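Engineer: One letter stands for each residue in the lines below.
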Amino acid sequence: MPQIFSPYETAGDPRPPTPTRAVRSSGDEGNEEEFIRLLARSYRSIYSYAQTLVPNLADAEDCVQEVSLLMWRKFDEFGRDGNFSRWARGFVRRVAKNHNRKKRPHYLALDDDLIDQLGAMQGGIHEILELRRAQLAECLTKLPAADWRLINDYYQHGESVEELSRRTGRTSAAIYQALRRARLALFRCISQNLGVL
Amino acid sequence: MRAERPPKQQELLAAIDGWHANVLTESDALWLKDQLRNSEQARRIFIEYGDMLASLAFTGEGDLEESADILLTRVLEAEERTSRRSSWQRVGVGAALTVTAMLLLGVGFLCLPSAGSPKLAAVPSTVKALAVAVVTDLYTQPGKNIAVEVIRDAVATHGLRIGTALLANDELRLEDDQSFLELTFTGGARLVLQGPAHLVVGAPLAARLKAGRAVGFVPPEAVGFVLDVPGGIVRDLGTEFAVDAASGNTQVSVLTGVVECELGSTHEERKLARLDRGAGVRMEPSSGSFVPLEGLPKSLSQIVEYHTGIVVVRGEAEFVAMEAPLPSEAGKFPSSLAQIYPERQYIFVKRGDDPKQLLLTDAKGNPGTNAPFISKVVPESPQPGEQASFSVDSYFLRARAPTKTPLVITGSVTFRREIVAALTTTDALSATDEAMARPEFAADWKEHANRSRGSDEGSDRVTISPDGKTLTFTLQASGAGDEMRILVRHGTPSEVALAAPVAGSP
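Going down the list, the protein sequences come from chains A and B. Taking my numbering, I'd label the letters of the first sequence as residues 2 to 198. Taking my numbering, I'd label the letters of the second sequence as residues 746 to 1251.
These are calculated hints, taken from the structure and not from any lab test. Values in this document were obtained by computation on a predicted structure and should not be read as measured data. Careful: at least some of the hints might be erroneous.
[What the hints assert, rightly or not] Listed next, the in silico DMTMM-like pairs over lysine to aspartate or glutamate satisfying Cα-Cα at most 25 Å (straight line):
hint	chain 1	residue 1	chain 2	residue 2
1	A	Lys98	B	Asp779
2	A	Lys143	B	Glu920
3	B	Lys955	A	Asp82
4	B	Lys1191	B	Glu1179
5	A	Lys103	B	Asp779
6	B	Lys1016	A	Asp113
7	A	Lys143	B	Asp762
8	A	Lys103	A	Asp113
9	A	Lys98	B	Asp762
10	A	Lys143	B	Asp1021
11	A	Lys103	B	Glu771
12	A	Lys143	B	Glu756
13	B	Lys955	A	Asp117
14	A	Lys98	B	Glu771
15	B	Lys778	A	Asp113
16	B	Lys955	A	Glu163
17	B	Lys778	A	Glu163
18	A	Lys98	B	Asp773
19	B	Lys1214	B	Asp882
20	B	Lys753	A	Asp112
21	A	Lys143	B	Glu1005
22	B	Lys778	A	Asp117
23	A	Lys103	B	Asp762
Use the sequences and the hints to build the structure in full.
Structural biologist: This is the structure in structure tokens:
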């Protein structure tokens, strides 16, 4: 049986050896650390952005991984005084466009011009999105218990609609409908809290 | 192309939700695209809605960006170590980044409902930074090993220790009924479980108690902590509460503060009960009702004691989870049992020049204006690593015979942490009333100071076990009554556990 809880490093343990990288020279380690730091900080917004442009979750994850690699390869071109998130969003748009061109049926993909339009909008409401995220937790607590549980099971515990249907004895359509109702209630609650409804 | 006009928000939201759920028909998808091209408001709502969906998986993971930074570094280090063993290093940083991204998805976006999501066999447990909760205390009967099973990604393992970090979706099964486990969530809430119990760690402010008994303590920064229980949810509004979901319908009791209970009914109408201190209900979702409880259920007394810092009370003694009656009221509650009450917590003291002497101080260790007091200080010399100033919690023990006939009362109380002092003399008790008892206690005693109240006279005997955690007493209690104050080392468990390195493997 695999050991999940392996021992933590104790205070007296030596640090693990510094990693060496095969692709880049050892002189690039600082570069790499900087890249990882910036990527980590922006990861959430990159992912959110990708998911907006490529709604299918699995596709969005593929895009984010591709974006991460592309950015690493081009990292030398990134101006250190620049905005990493904005730089990343450019890659997300490019990767999303490529992805959407292959999407079948095509009506379920955003066209290039729409991606550009949405990109411009997203850049302009960055702070509003932060405010909305801050309201989400509070609005979750206002959901009826059944809806809260459903959202929790679906998004936090990762249960599929089919699993939820089996476990609760409700039809898949009813689960979809309840999820949709809960999401819409959350969205309205956030907007109301911010006074935009 | 349509003329620009704001779309009806309801229609628009419905279409956007359908878009993200991948269920739009072609005509609806084309309509939505048309709206997005022609309406700034539509574009804005589209972005906001998509961002909300992505954020749902992050709920309660507010520090993910910072945590991810640490995670990434550690993951790369871990990968590097693995790669050395498997000659995998030629794959290079690109693959490492991909793995990193997968790990982030696996942890940060835990279980987004996607068939294509990368599945991880195990997240490195060294990723303490992404912990949702940390084990901050474990207890089982002396001579026994604690039996806790942890299930992560469908793999069960044993060997939980103080300091073990738990991630979202980890399941805990605590087996023995004399075992206790305390978790401190990164949101600040603490949850004590009494075995047998089954808990799923949710998020920094959420958990699901599938079965068993639990006590929650929610400090102000963690208000909103939600415990999903069989039959409903308990939403804490800053309090201490106890839950019994061991069998039958779930019972909830509030020790201090306020909680909100909600029945997990599928009916549209929400069934809420707001409970204040001392109140309790049994949740009955089948009838859609709450049944009020009278007092704390007996089944919860042991876990409440543990939560309050007491592991077990034996003999002719009982723990009473309320403030001690005032000296003037003491005669109203005669009992053939010694009663132990919680008093103030987090009182700063330091040892005097005589190690047996304790001095009250402020939080920085500066001597206070209170008179120093001397009593049975245990141990009599500073412990290794003991700081100059430390904090204690106070407990009050009173034994008072119900009649004037002297009664010998014998018992013991075992605390979670070391006893620092037992104040048994009348002088020591009086000198510490003001600092350690509730505010009106000292003044009330002065008005009724016509008798001895100490527990150091005649045949009274008080001893402390070698490990410093158990106080045993034999008190000859008569009408006047015997009292003592017990000072126990304060341990904010999270501080204790998180500050200490965790060693040893399961």
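Engineer: Now tell me if each hint is right for this structure.
Structural biologist: Against the structure, the hints come out as follows:
1. Simply put, Lys98/A and Asp779/B have alpha-carbon atoms about 18 Å apart, close enough for the 25 Å limit, and the pair holds.
2. Under the criterion of a C-alpha separation no larger than 25 Å, the hint pairing Lys143/A with Glu920/B is inconsistent with the structure, at around 34 Å.
3. In summary, the hint linking Lys955/B to Asp82/A is not supported, as the alpha carbons are separated by about 50 Å, beyond the 25 Å threshold.
4. This hinted pair checks out: Lys1191/B and Glu1179/B have alpha carbons roughly 11 Å apart, not beyond 25 Å.
5. With a CA separation close to 21 Å, the supplied pair Lys103/A and Asp779/B stays within the 25 Å bound.
6. This hinted pair does not check out: Lys1016/B and Asp113/A have alpha carbons roughly 48 Å apart, beyond 25 Å.
7. Pair hint Lys143/A plus Asp762/B holds up; C-alpha atoms about 20 Å apart against a cutoff of 25 Å.
8. Restraint check for Lys103/A and Asp113/A: satisfied, since their Cα atoms lie roughly 12 Å apart, inside the 25 Å limit.
9. Between the alpha carbons of Lys98/A and Asp762/B the distance comes to roughly 21 Å, so the proposed pair stays at or under 25 Å and holds.
10. This hinted pair checks out: Lys143/A and Asp1021/B have alpha carbons roughly 20 Å apart, not beyond 25 Å.
11. Straight-line distance between C-alpha atoms of Lys103/A and Glu771/B comes to about 17 Å, which keeps the hinted pair within the 25 Å bound.
12. For the suggested pair Lys143/A and Glu756/B, the alpha carbons sit about 24 Å apart, so the restraint of at most 25 Å is met.
13. A distance of roughly 47 Å separates the Cα atoms of Lys955/B and Asp117/A; the hinted pair therefore is violated under the 25 Å criterion.
14. The hinted pair formed by Lys98/A and Glu771/B meets the criterion: a straight-line CA distance of about 19 Å does not exceed 25 Å.
15. Proximity of Lys778/B to Asp113/A is assessed by CA-CA distance (about 12 Å); at most 25 Å being required, the pair is judged to hold.
16. Taking the CA atoms of Lys955/B and Glu163/A, the gap is near 21 Å; set against the 25 Å cutoff, the hint holds.
17. About 30 Å separates the Cα atoms of Lys778/B and Glu163/A, which puts this hinted pair outside 25 Å; it is violated.
18. Between Lys98/A and Asp773/B the CA atoms are separated by roughly 21 Å; this keeps the pair inside 25 Å, and the hint holds.
19. For a cut-off of 25 Å, the pair hint linking Lys1214/B to Asp882/B stands: about 15 Å separates their Cα positions.
20. Restraint check: the Cα-Cα separation between Lys753/B and Asp112/A comes to about 23 Å, which is no more than 25 Å; the hinted pair holds.
21. Restraint check for Lys143/A and Glu1005/B: satisfied, since their Cα atoms lie roughly 11 Å apart, inside the 25 Å limit.
22. Among the hinted pairs, Lys778/B with Asp117/A is consistent with the structure: their alpha-carbon atoms are about 13 Å apart, no more than 25 Å.
23. Between Lys103/A and Asp762/B the CA atoms are separated by roughly 22 Å; this keeps the pair inside 25 Å, and the hint holds.
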